[in-house]
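This is what each chain is made of:
Protein chains: 2
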Amino acid sequence: MKDQFYQYILQLQDTITSGLEQLDGTAKFQEDLWERAEGGGGRTRVIENGSVFEKGGVNISAVHGALPPTMQAYFGVGQVDFFACGLSLVLHPQNPMVPTVHANWRYFEMYEADGTVLKSWFGGGQDLTPYYLFEDDAAHFHQICKNACDRHDAGFYPLYKKQCDDYFWNTHRDEARGIGGLFFDHLQQTPERSMPDWYAFVTEVGNSFLEAYVPIVERRNKLPFTAANKTWQEIRRGRYVEFNLVHDKGTLFGLKTNGRIESILMSLPPTVQWVYDHHPEQDSEEAKLLAVLAAPRAWV
Amino acid sequence: MKDQFYQYILQLQDTITSGLEQLDGTAKFQEDLWERAEGGGGRTRVIENGSVFEKGGVNISAVHGALPPTMQAYFGVGQVDFFACGLSLVLHPQNPMVPTVHANWRYFEMYEADGTVLKSWFGGGQDLTPYYLFEDDAAHFHQICKNACDRHDAGFYPLYKKQCDDYFWNTHRDEARGIGGLFFDHLQQTPERSMPDWYAFVTEVGNSFLEAYVPIVERRNKLPFTAANKTWQEIRRGRYVEFNLVHDKGTLFGLKTNGRIESILMSLPPTVQWVYDHHPEQDSEEAKLLAVLAAPRAWV
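Chains A and B, in that order, are what the protein sequence lines are. Sequential numbering of the first sequence, starting at 1, is according to my numbering. Sequential numbering of the second sequence, starting at 1, is according to my numbering.
Hints in this document: simulated from the structure, not taken from any laboratory. A hint or two may mislead.
Stated by the list, open to error - In silico EDC-like links for lysine to aspartate or glutamate, alpha-carbon gap of 20 Å or less:
no.: 1; chain 1: A; residue 1: K119; chain 2: A; residue 2: D197
no.: 2; chain 1: A; residue 1: K2; chain 2: A; residue 2: D197
no.: 3; chain 1: A; residue 1: K162; chain 2: A; residue 2: D174
no.: 4; chain 1: A; residue 1: K256; chain 2: B; residue 2: D248
no.: 5; chain 1: A; residue 1: K249; chain 2: B; residue 2: E218
no.: 6; chain 1: A; residue 1: K256; chain 2: B; residue 2: D185
no.: 7; chain 1: B; residue 1: K28; chain 2: A; residue 2: E234
no.: 8; chain 1: B; residue 1: K230; chain 2: A; residue 2: E234
no.: 9; chain 1: B; residue 1: K28; chain 2: B; residue 2: D248
no.: 10; chain 1: B; residue 1: K256; chain 2: A; residue 2: D197
no.: 11; chain 1: B; residue 1: K119; chain 2: B; residue 2: E135
Owing to the predicted nature of the structure, the values given are computational and were not obtained by experimental measurement.
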C-alpha cells in the first residue's frame with residue numbers, strides 16, 4: 001500500500017503542477033529535492049510571482065525512521081518506527097477575489113519491533129479560504145467534494161465536511177479559517193472497509209482537486225480589485241498564518257519530525273499585514289465574509 | 001507585593017508611552033481598556049503609522065481567577081487560583097536600520113485553597129531584534145542591561161544574558177530571534193534574596209528600558225534605506241512572527257488564559273513577507289546579520 005500510494009502522489013503532483021502552470025500562464029514551479037537525515041525526503045515544488053499565483057507550493061514527502069519522542073506522546077505509543085508520505089499544497093493567489101486553497105492527502109504506517117505493521121491509516125482533505133465570498137464558488141467547491149464522497153458512501157460528505165469545519169476553527173479568534181471542504185484522518189481498516197477501499201476514496205478526492213478549484217480561479221481571476229481589497233486579503237492572510245503556526249497539526253508534525261522547514265512553511269502567504277483591532281465597515285463585503293466565518297454553513 | 005508591583009507597571013506604562021510619543025513626534029498611543037470574563041483585565045496602548053514606529057504596543061494587564069486546566073499541566077499544579085500582572089511591549093519601527101525591541105516585566109502568584117500564597121515570582125527581561133547590525137547599538141543595549149544587573153548582583157548579567165539567548169532561540173530555524181539582552185523567570189524568595197529584593201531588581205531593569213532603547217532609535221532613525229532594505233526587514237519580521245506564534249510562552253499563556261487576543265497579538269509586525277528559501281548575498285549586510293544570529297555573541 002505504501003508503494004502504491006507513494007506512486008500515486010508522485011503522479012498527482014505532476015498532474016496538479018502542470019494544471020496550475022497552464023492556469024497561471026506565466027510562472028513555473030521551481031523544484032527542490034531534499035533529504036531528511038533520519039530517513040526519507042521530499043520533492044518540493046514552489047511557484048512565485050505568477051500572473052495568478054503570488055505564492056504556492058505543491059509538495060510531496062516520504063519520511064521514515066524512529067518516531068520522535070514528541071510524536072510518540074502525541075500518538076500515545078512507545079518507541080516505534082514509522083513511515084509517512086503525502087502531498088500537501090497551498091496556493092495564495094494575487095487577486096483577492098480568488099480564494100486560497102489547501103489540500104493534503106497522506107498515508108501513515110507504524111511498525112512493531114519485528115517490522116510488521118502495527119497500524120496504518122490515510123488522512124487528508126481539501127478546503128477553501130476566500131477573502132471575498134462568492135456563494136457560487138463555495139457551492140461549486142463543496143459540490144465537487146460531495147460528488148467524490150458520494151461515490152463511496154453517502155455518509156462521508158456530511159461527516160468529513162463537519163470534521164473540516166471543526167479542524168480549521170481558529171479557536172483563539174473564534175472563527176473559521178475559511179469556508180471548509182473535507183477533512184478526514186485515521187481512516188483505518190474496519191470490517192466494512194479495507195485499506196484498498198480507503199485508497200480508492202482518498203485518491204478519488206485527490207483526483208477531484210483541479211475540478212474543485214480551477215473553475216473558481218478562472219471565473220474570478222480577471223475581476224478588478226482595489227488597494228483596499230488587497231489590504232483586506234493581507235489582513236486575512238494573517239489569520240491563515242495564525243492558524244498554521246498555532247493550531248495546524250501538519251505543520252507541527254513537520255517541525256517535530258525535523259522536516260525541511262522551507263517546504264513546511266511554503267504554506268505561509270507572501271505578504272501579510274497585522275492591523276491592530278481591525279473591523280470592517282458594517283454591511284460591507286468584508287463584514288459579510290466575517291459573518292460566514294463566524295458559523296459554518298451548509299453549501300450543498 | 002502584588003499591589004505595589006501593579007502600581008509600578010501602571011506608572012511605568014505612562015513613562016514609557018510618553019517617552020515614545022515624544023520620540024515619534026507624530027503618532028499617539030491609542031488606549032483600550034478591556035476586561036476578562038474570568039477576572040481582571042488590562043490597559044492596552046497601541047501606536048500605529050508613526051514617523052518612527054510603524055506599529056507597537058505597550059500593554060499592561062492584571063488577571064486572576066482559577067488557573068485554566070492547560071496551565072495547570074504547564075505549571076505542574078492542581079486546581080489553584082492565580083494572579084498575574086505585567087507590562088509587555090513590542091515596537092516595530094518603520095526604518096529597517098532601527099531595531100525592533102521587546103520587553104516584559106511580570107509578577108505571578110498562586111494560592112492555596114485557603115487563600116494563602118502557595119508560590120510567587122517575578123519574571124521578565126528586554127531584548128533587541130535588529131534587521132541590520134550596528135555593533136555599537138548591540139553594545140549600548142547590553143551595557144545598559146549589565147549596569148542595571150550589576151547594581152544587584154555581579155552574577156545576574158551573565159546568567160540572564162545567557163537565558164535570553166537560550167529563550168529567544170528559534171529552534172525550527174536554528175537561529176536567534178535577535179541579539180538578546182536579558183531574560184529571567186521564577187525569581188522566587190530564597191535565603192539570600194527576599195521578594196522586595198527581586199522587586200528592586202525587576203523595577204531597576206524596567207526603569208532602564210528607555211535609556212537602553214531610545215538612543216539607538218535616535219541615531220538610526222534618520223538613516224536612508226532602500227526598498228530592498230524594507231523587504232529584508234519584512235522577511236525578518238516573518239521570523240519574529242514564527243517565534244511568537246510557535247515558541248513564545250507569553251503568547252501561549254495569553255491564548256490559554258482567555259486574554260484579549262488583540263492585546264496579545266499586538267506583538268505581530270504590521271507588514272510581513274515570506275519568500276521561499278530566501279538567502280542573502282554572500283558578504284552582504286544581510287548575511288552579516290545572519291552570521292551573528294547563528295551563534296550568540298558577547299557584547300560587553
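So, going through the hints one by one against the coordinates:
For a cut-off of 20 Å, the pair hint linking K119 of chain A to D197 of chain A stands: about 16 Å separates their Cα positions. Between the alpha carbons of K2 of chain A and D197 of chain A the distance comes to roughly 14 Å, so the proposed pair stays at or under 20 Å and holds. As the CA atoms of K162 of chain A and D174 of chain A are separated by approximately 16 Å, the hinted pair is consistent with the 20 Å bound. A C-alpha spacing of about 16 Å is found between K256 of chain A and D248 of chain B, which places the hinted pair at or below 20 Å, so the restraint holds.
For the hint pairing K249 of chain A with E218 of chain B, the CA-to-CA distance comes to about 44 Å; that exceeds 20 Å, so the pair is violated. Among the hinted pairs, K256 of chain A with D185 of chain B is inconsistent with the structure: their alpha-carbon atoms are about 26 Å apart, more than 20 Å. Restraint check for K28 of chain B and E234 of chain A: not satisfied, since their Cα atoms lie roughly 25 Å apart, outside the 20 Å limit. With a CA separation close to 17 Å, the supplied pair K230 of chain B and E234 of chain A stays within the 20 Å bound.
A hinted pair counts as satisfied when its Cα atoms are at most 20 Å apart, and K28 of chain B with D248 of chain B does not qualify at roughly 28 Å. With a C-alpha separation of about 40 Å, the suggested pairing of K256 of chain B with D197 of chain A is violated against the 20 Å cut-off. Proposed proximity of K119 of chain B and E135 of chain B is contradicted: the alpha carbons are some 40 Å apart, above 20 Å.
Checked against the numbered hints above, the structure violates hints 5, 6, 7, 9, 10 and 11; every other hint is satisfied.
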